[in-house]
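Residues per chain are reported as follows:
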Amino acid sequence: MNRPLRVDLDMFEGPLDLLLFLIKRDELNIYDIPISKITRDFLAFVELAKELQLHSAGDFVLMAATLMKIKARMLLPIEAEHDEEIEDPRTELMNMLLEYKRYKEAAHALEGMERQERPHYYRLPPPWVPGEEETTAILEDVKLYDIMLTFQYLIKNYEDPASHMVDIEEVSMSEQAGYLMTLLQTQDKIQFSSLIHQFESRLVLVVTFLALLDMLRSRQVRIKQSQLFDDLLISRGKEFGTH
Amino acid sequence: MELTDLKKIVEALLMASPIPLTETRFKMCMKDEAELTLGLEEIIESLQADYDDSGRAFTIKKVAGGYQLVTRADFEIYVKGLFTKTGKLRLSQAALETLAIVSYRQPVTRNEIEAIRGVNSDSSIRTLLDRKLLEIRGRDDGPGRALLYRTSTEFLQYFGLDSVKDLPKLKEVEDLLSEDQQELV
Amino acid sequence: MELTDLKKIVEALLMASPIPLTETRFKMCMKDEAELTLGLEEIIESLQADYDDSGRAFTIKKVAGGYQLVTRADFEIYVKGLFTKTGKLRLSQAALETLAIVSYRQPVTRNEIEAIRGVNSDSSIRTLLDRKLLEIRGRDDGPGRALLYRTSTEFLQYFGLDSVKDLPKLKEVEDLLSEDQQELV
Chain A
1 MNRPLRVDLD
11 MFEGPLDLLL
21 FLIKRDELNI
31 YDIPISKITR
41 DFLAFVELAK
51 ELQLHSAGDF
61 VLMAATLMKI
71 KARMLLPIEA
81 EHDEEIEDPR
91 TELMNMLLEY
101 KRYKEAAHAL
111 EGMERQERPH
121 YYRLPPPWVP
131 GEEETTAILE
141 DVKLYDIMLT
151 FQYLIKNYED
161 PASHMVDIEE
171 VSMSEQAGYL
181 MTLLQTQDKI
191 QFSSLIHQFE
201 SRLVLVVTFL
211 ALLDMLRSRQ
221 VRIKQSQLFD
231 DLLISRGKEF
241 GTH
Chain B
1 MELTDLKKIV
11 EALLMASPIP
21 LTETRFKMCM
31 KDEAELTLGL
41 EEIIESLQAD
51 YDDSGRAFTI
61 KKVAGGYQLV
71 TRADFEIYVK
81 GLFTKTGKLR
91 LSQAALETLA
101 IVSYRQPVTR
111 NEIEAIRGVN
121 SDSSIRTLLD
131 RKLLEIRGRD
141 DGPGRALLYR
151 TSTEFLQYFG
161 LDSVKDLPKL
171 KEVEDLLSED
181 QQELV
Chain C
1 MELTDLKKIV
11 EALLMASPIP
21 LTETRFKMCM
31 KDEAELTLGL
41 EEIIESLQAD
51 YDDSGRAFTI
61 KKVAGGYQLV
71 TRADFEIYVK
81 GLFTKTGKLR
91 LSQAALETLA
101 IVSYRQPVTR
111 NEIEAIRGVN
121 SDSSIRTLLD
131 RKLLEIRGRD
141 DGPGRALLYR
151 TSTEFLQYFG
161 LDSVKDLPKL
171 KEVEDLLSED
181 QQELV
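One line per chain: the protein sequences are A, B and C, in this order.
Everything in the first sequence is counted per this note's numbering, starting at 1 for the first residue and increasing by one.
Everything in the second sequence is counted per this note's numbering, starting at 1 for the first residue and increasing by one.
Everything in the third sequence is counted per this note's numbering, starting at 1 for the first residue and increasing by one.
Chain A on its own, in the form it takes in the complex (with noise of 0.2 Å):
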């Protein structure tokens, strides 16, 4: 009866998603759910996540330590006054369930709506250049999460006066993501580790590891971690050597 759980971990949203998928694959009622049964299942795959370091591992943890609470109740005997209303203790994640059933259905309807406008662009005209006695200016392009942003930097250069003192080393992004690219021209992996080694100085190291993130964005290169904490192993991606 227990299939084994030969799925992609990349699949699941968070633990309510794995939920629903696992009451889509053995046809279970949402009504009705066979807590041991679902207890036991999602166990089974939090073990192997933590193998993975899933991004949201605590969140997992979390739902399994629910689901284990509502199994334990549910073997509790049930002692209730007369005409007190007995609430079946998977009330609670069966409303959880649907609720997100519902959202997840809506990001559905979004997605087939960010389809449709794919192959549109807007029209983007050259900026304005506005005469003399025009330089007003409104809110109407700025977010206050901009406002934020730009504050942030600022204070962080100014509350930070030694960086000023420190000798402006010849680095930047593009040579080192040039020097990546050069490496990974003759080598299929790279261990990041070893490129710590070869540099001097932190600054250079930080510049390198933006850049790299950079080219990981870009997909010229892959990134692969077996564990958190462990070594990065850098390969080509599917854009590599197309910018």
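Calculated from the structure, these hints are not laboratory results.
There could be a bad hint or two in this list.
Unchecked claim - Below 27 Å or equal to it, Euclidean Cα-Cα: the simulated DSSO-like pairs (lysine-lysine) are:
hint, chain 1, residue 1, chain 2, residue 2
1, C, 169, B, 132
2, B, 132, C, 62
3, B, 27, B, 62
4, C, 7, B, 7
5, B, 61, C, 61
6, B, 132, C, 80
7, B, 27, B, 7
8, B, 169, A, 24
9, C, 62, B, 80
Stated by the list, open to error - If you want a taste of the chain C side facing chain B, the calculated C-beta under 8 Å gives, among others:
hint, residue
10, 9
11, 13
12, 168
Even for Gly, the Cβ is constructed at its ideal location relative to N, Cα and C.
Chain A is already provided as a structure; the job is to place chains B and C on it using the hints.
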């Protein structure tokens, strides 16, 4: 003013405007009220017909409460070359779920989003703020005074919506239940 | 490919391009070299002639080694309305920085603003005062009796804040940003 002239003005405005052209903004640009012999909608319709007839590569879209020029879908394969190798970046499932929750429940706090998704949503909120699809809108009245989030004009543009009212209706829980029962049979 | 088809592609590219369309960029968008039976300049010339003949409100301008769609000068009096007065114009980086400092440090003197920004901020302060995003609120107690600046009620209303106390805290920004590294895994 004649329709022909009004059409040209609207065309110029659509060309120059970085945001959707609304009726209000159009009136502000016209200054002389007496010249406004037709409403924006009528002018747009006629202009749209011209574009269709002359086989232009662009069309007019009603979006975020106004009108904006967009390229026709047929040219996607060429236009996407302007931006990156892959064209527009698609939103992740996590970001879409977060957006779905905000769009139907706004304004909403991070806690509410996470309570529904059952998972930490910091990074998707951040991605959505960076892409200007979400914005911060004041604070909750509750004890924590948490930041409130809502969708932006860019959100409407991104999904081609005139207003959030045009979002498909959220399914009722009862509908979901009955669908599930049917699947069981 | 026929000239008619090439013209449509170039039109779509001009529409969507945020920067002038260069020959190089055009070739990148075309992918299939064999389809390029004509150079960009020839296509542009023919397209330009079409626009002139059909009396479009826009034209093609040669700038910075590329081509751009711009509205014709005759329509400037209308187009201006999009950007001036209550119209929209991007807040310059200088103005944004000044506004950010006043938001978080108010009431604040010009000297403090300039100390943080490291540059003269007279003109951005003036712009923000003109736009009623900043107000003068009394004078500093210090020896110079410098003017004190703070954000206006309009500023708060725009972002849906009750008071400056409701501005997002730096801690909250950092919480959002700190999720970054985890995305890696």
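For each hint, the structure was consulted:
Taking the CA atoms of residue 169/C and residue 132/B, the gap is near 19 Å; set against the 27 Å cutoff, the hint holds. The straight-line distance between the Cα atoms of residue 132/B and residue 62/C is roughly 32 Å, outside the 27 Å bound, and the hint therefore fails. A hinted pair counts as satisfied when its Cα atoms are at most 27 Å apart, and residue 27/B with residue 62/B qualifies at roughly 17 Å. A threshold of 27 Å between alpha carbons decides the hint, and for residue 7/C with residue 7/B the separation of about 23 Å falls inside it, so the pair holds.
As the CA atoms of residue 61/B and residue 61/C are separated by approximately 25 Å, the hinted pair is consistent with the 27 Å bound. Restraint check: the Cα-Cα separation between residue 132/B and residue 80/C comes to about 26 Å, which is no more than 27 Å; the hinted pair holds. Taking the CA atoms of residue 27/B and residue 7/B, the gap is near 14 Å; set against the 27 Å cutoff, the hint holds. For the hint linking residue 169/B to residue 24/A, the alpha-carbon distance of about 24 Å falls within 27 Å, and the restraint holds.
Using a Cα cut-off of 27 Å, the hinted pair residue 62/C and residue 80/B holds, with the two alpha carbons roughly 22 Å apart. Using the Cβ-Cβ criterion of 8 Å, the hint placing residue 9/C at the interface with chain B is satisfied: the shortest such distance is roughly 5 Å. Checking residue 13/C against chain B by beta carbon gives a least distance of about 6 Å; that is within 8 Å, so the hint holds. For residue 168/C, the shortest C-beta to C-beta distance to chain B is roughly 6 Å, which falls under 8 Å, so the interface hint holds.
Of the numbered hints listed earlier, the single one contradicted by the structure is hint 2.
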